[in-house]
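Undergrad: Everything in the sequence shown is counted per UniProt numbering, starting at 1 for the first residue and increasing by one.
Take the hints with a grain of salt, since some may be wrong.
[What the hints assert, rightly or not] Only pairs whose alpha carbons sit at most 30 Å apart, straight line, appear in this in silico DSSO-like list of lysine-lysine: (1) K315 x K123; (2) K76 x K53; (3) K60 x K273; (4) K673 x K361.
Derived from the structure by calculation, the hints contain no laboratory data.
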Amino acid sequence: MADSLVIVESPAKAKTIGKYLGSKFIVKASMGHIRDLPKSQIGVEIKKNFEPKYITIRGKGSVLKELKDASKRVKKIYLAADPDREGEAIAWHLAHYLDLSENDACRVVFNEITKQAVKDAFKTPRKINQDLVNAQQARRILDRLVGYKISPLLWKKVKKGLSAGRVQSVAVKLIFDRENEIKAFVPEEYWSITAKLATGKTEFEAKFYSFRGDKKELHNEAEVQEVLAALQKSEFVVSEVKEKERHRNPSPPFITSSLQQEAARKLNFRASKTMSVAQQLYEGIDLGSEGTVGLITYMRTDSTRISPVAQDEAKEYIIGKFGNDYYPETPRTYLKKNTNAQDAHEAIRPSSVLREPDQIKEHLSRDQYRLYKLIWERFLASQMASAVLDTMTVDITAGEVVFRAVGSKIKFPGFIKVYVEGNDDAEESADDEKFLPPLKTGDQVKKNAIGPKQHFTQPPPRYTEARLVKALEEMGIGRPSTYAPTLEVIQKRGYVAIEEKKFVPTELGELVIQQMIEFFPEILDVEFTAQMEEELDHVEEGKEDWVQVLSQFYESFEKRLEVAEEEMEKIEIQDEVSDEICEKCGRHFVYKMGRFGKFLACSGFPDCRNTKPIVKDIGVTCPNCKQGKIIERRSKKGRIFYGCDRYPECDFVSWDKPVDHPCPNCGSMLIEKRNKSGVFVQCVQCDFKEEAKEEERDEG
Numbered sequence: 001m002a003d004s005l006v007i008v009e010s011p012a013k014a015k016t017i018g019k020y021l022g023s024k025f026i027v028k029a030s031m032g033h034i035r036d037l038p039k040s041q042i043g044v045e046i047k048k049n050f051e052p053k054y055i056t057i058r059g060k061g062s063v064l065k066e067l068k069d070a071s072k073r074v075k076k077i078y079l080a081a082d083p084d085r086e087g088e089a090i091a092w093h094l095a096h097y098l099d100l101s102e103n104d105a106c107r108v109v110f111n112e113i114t115k116q117a118v119k120d121a122f123k124t125p126r127k128i129n130q131d132l133v134n135a136q137q138a139r140r141i142l143d144r145l146v147g148y149k150i151s152p153l154l155w156k157k158v159k160k161g162l163s164a165g166r167v168q169s170v171a172v173k174l175i176f177d178r179e180n181e182i183k184a185f186v187p188e189e190y191w192s193i194t195a196k197l198a199t200g201k202t203e204f205e206a207k208f209y210s211f212r213g214d215k216k217e218l219h220n221e222a223e224v225q226e227v228l229a230a231l232q233k234s235e236f237v238v239s240e241v242k243e244k245e246r247h248r249n250p251s252p253p254f255i256t257s258s259l260q261q262e263a264a265r266k267l268n269f270r271a272s273k274t275m276s277v278a279q280q281l282y283e284g285i286d287l288g289s290e291g292t293v294g295l296i297t298y299m300r301t302d303s304t305r306i307s308p309v310a311q312d313e314a315k316e317y318i319i320g321k322f323g324n325d326y327y328p329e330t331p332r333t334y335l336k337k338n339t340n341a342q343d344a345h346e347a348i349r350p351s352s353v354l355r356e357p358d359q360i361k362e363h364l365s366r367d368q369y370r371l372y373k374l375i376w377e378r379f380l381a382s383q384m385a386s387a388v389l390d391t392m393t394v395d396i397t398a399g400e401v402v403f404r405a406v407g408s409k410i411k412f413p414g415f416i417k418v419y420v421e422g423n424d425d426a427e428e429s430a431d432d433e434k435f436l437p438p439l440k441t442g443d444q445v446k447k448n449a450i451g452p453k454q455h456f457t458q459p460p461p462r463y464t465e466a467r468l469v470k471a472l473e474e475m476g477i478g479r480p481s482t483y484a485p486t487l488e489v490i491q492k493r494g495y496v497a498i499e500e501k502k503f504v505p506t507e508l509g510e511l512v513i514q515q516m517i518e519f520f521p522e523i524l525d526v527e528f529t530a531q532m533e534e535e536l537d538h539v540e541e542g543k544e545d546w547v548q549v550l551s552q553f554y555e556s557f558e559k560r561l562e563v564a565e566e567e568m569e570k571i572e573i574q575d576e577v578s579d580e581i582c583e584k585c586g587r588h589f590v591y592k593m594g595r596f597g598k599f600l601a602c603s604g605f606p607d608c609r610n611t612k613p614i615v616k617d618i619g620v621t622c623p624n625c626k627q628g629k630i631i632e633r634r635s636k637k638g639r640i641f642y643g644c645d646r647y648p649e650c651d652f653v654s655w656d657k658p659v660d661h662p663c664p665n666c667g668s669m670l671i672e673k674r675n676k677s678g679v680f681v682q683c684v685q686c687d688f689k690e691e692a693k694e695e696e697r698d699e700g
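Sequences are here, hints too, so could you generate the full structure?
TA: Below, the structure written as structure tokens:
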């Protein structure tokens with residue numbers, strides 16, 4: 001008979017831990033939280049020191065009965081929920097339900113689900129940390145006060161079904177502020193001049209650098225022509241050569257936000273998908289003969305700290321795999337980048353670097369393998385020696401004009417041998433090798449071509465999920481556990497849509513934000529929201545009283561509510577009527593806003609529930625049937641794809657945007673592609689590739 005009951009959140013975690021602990025332990029799953037605030041009411045006694053009124057979550061009855069029955073058959077109960085505020089709160093609710101003493105050392109935490117980590121954790125159980133619980137309660141109540149006080153006001157004054165939230169409202173405002181920047185942006189003209197030069201048979205490029213002794217920018221064609229005129233009959237001579245060695249250091253191991261950003265860049269994962277797959281890797285994967293193993297450490301963290309044991313294992317692996325030169329003189333440690341970081345857990349890393357991704361690939365799904373490989377490579381690289389690059393800067397003088405060429409060559413790859421961090425911007429990575437031929441001062445080089453090019457400055461880019469997470473983190477808004485759900489909810493409410501993987505504000509969202517700015521400016525104030533996050537952190541550290549934090553907030557918030565109730569005007573939102581007629585009832589379609597943007601719905605709702613997507617003709621004839629037009633569509637998950645408007649008669653479909661002219665080599669379809677250097681088109685059949693024409697570019 002078992003001596004102890006262990007309760008975790010999920011069946012997967014229960015299965016993994018159960019195999020480690022053996023027959024003397026019963027391991028059960030609570031399936032997440034068992035109690036929460038009621039959905040039908042605010043559930044907070046504001047005048048009684050914000051006392052929460054918790055109720056059992058609907059549908060948890062059978063789970064709770066099972067836990068209660070199991071608890072009666074054992075001598076000891078352990079609560080092993082995740083090692084964060086939410087996990088501590090789950091443990092606290094379970095302790096209440098199972099009538100455990102608050103002095104009972106029932107809480108067990110571990111940062112990784114491996115046999116050794118789990119067994120070590122059970123040697124040192126502790127009491128439930130009430131400061132952690134209070135921090136979670138304070139956040140939950142704070143968000144409930146904002147949501148359940150402002151939302152009914154928006155229902156009454158604007159539209160049913162709207163909601164406001166502390167972090168989500170700031171995120172939406174950031175997206176709208178960026179859109180306003182884009183609208184207000186005035187492009188400025190500038191020019192570049194590229195010289196294609198050669199020494200012997202080797203051609204290289206140099207960029208215009210200075211004119212008549214002054215480093216200058218070229219603003220218009222007249223200035224360009226002046227430079228070009230000065231180049232006439234001028235010889236191109238190397239006037240200065242600078243060579244130096246540059247060291248490049250690896251990026252730190254992942255924290256939650258950097259993992260979400262890099263998975264978006266390299267794997268095209270949404271933040272929610274990244275966290276879901278990471279949870280699977282953390283809770284455990286069956287590796288066949290090795291059994292079920294948690295492959296990564298806890299994935300909700302803002303710390304780059306690494307345990308000495310993991311560092312030693314990485315050192316041994318790096319030296320054994322690559323040699324002594326690939327390990328730095330001293331183990332790498334990384335300082336906290338964000339002063340708000342709690343440093344409660346380690347960075348996200350493989351539970352053992354010895355489990356190479358390709359060795360366990362057969363046991364992982366495609367998404368699990370790709371994310372594990374990303375985490376494994378990033379961690380390993382973070383512990384490796386710096387890369388060494390030889391750089392060469394060459395000035396070439398032609399009369400009064402100076403051109404500059406910059407080249408680099410990897411002298412020693414170091415960590416680059418394993419991993420290089422991605423980049424949000426269409427820039428060349430620092431590790432890109434651009435070779436220059438051997439040049440020395442006084443060398444004369446041949447001019448092959450001079451290419452002036454007109455450019456216009458671009459507005460700041462719209463936020464991708466990765467950029468928005470990065471912005472929220474840098475501003476101190478939210479914490480590791482909040483990023484993914486925040487991005488989900490602002491789309492679900494219809495405040496923003498996603499186009500070309502970027503957030504686009506909606507009319508509805510703009511309307512709500514305008515009301516919030518007028519009546520609840522502190523909720524949208526970045527500094528205020530970041531300060532609230534700090535105060536919640538202080539509650540967790542035992543430095544502040546959670547009731548006092550809520551009282552200070554609610555004092556001014558209550559006054560704002562009273563003013564808004566009196567002064568906020570009722571807004572009638574009229575659906576925009578389209579020219580299209582419903583084929584089912586003959587009434588006009590109207591434009592509606594859904595989770596993935598606008599769609600058409602019959603104005604006869606609820607009598608007629610006909611809906612259809614808004615199609616966008618991209619001006620390309622279908623390459624399959626040669627009759628239909630290619631239109632832009634959205635999948636059920638909101639991803640844009642391209643298909644023939646004669647579907648189902650023609651089943652042509654493409655994730656990539658087709659181009660309106662065929663391949664000049666083989667006549668097949670050309671499609672748009674994008675890389676870090678910008679947009680280009682390539683053939684689906686042959687190797688043809690070219691830079692996209694201006695009209696084909698999407699600058700969104």
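Undergrad: What hints, given by number in increasing order, does this structure fail?
TA: Violated hints: none at all, because every hint is consistent with the structure.
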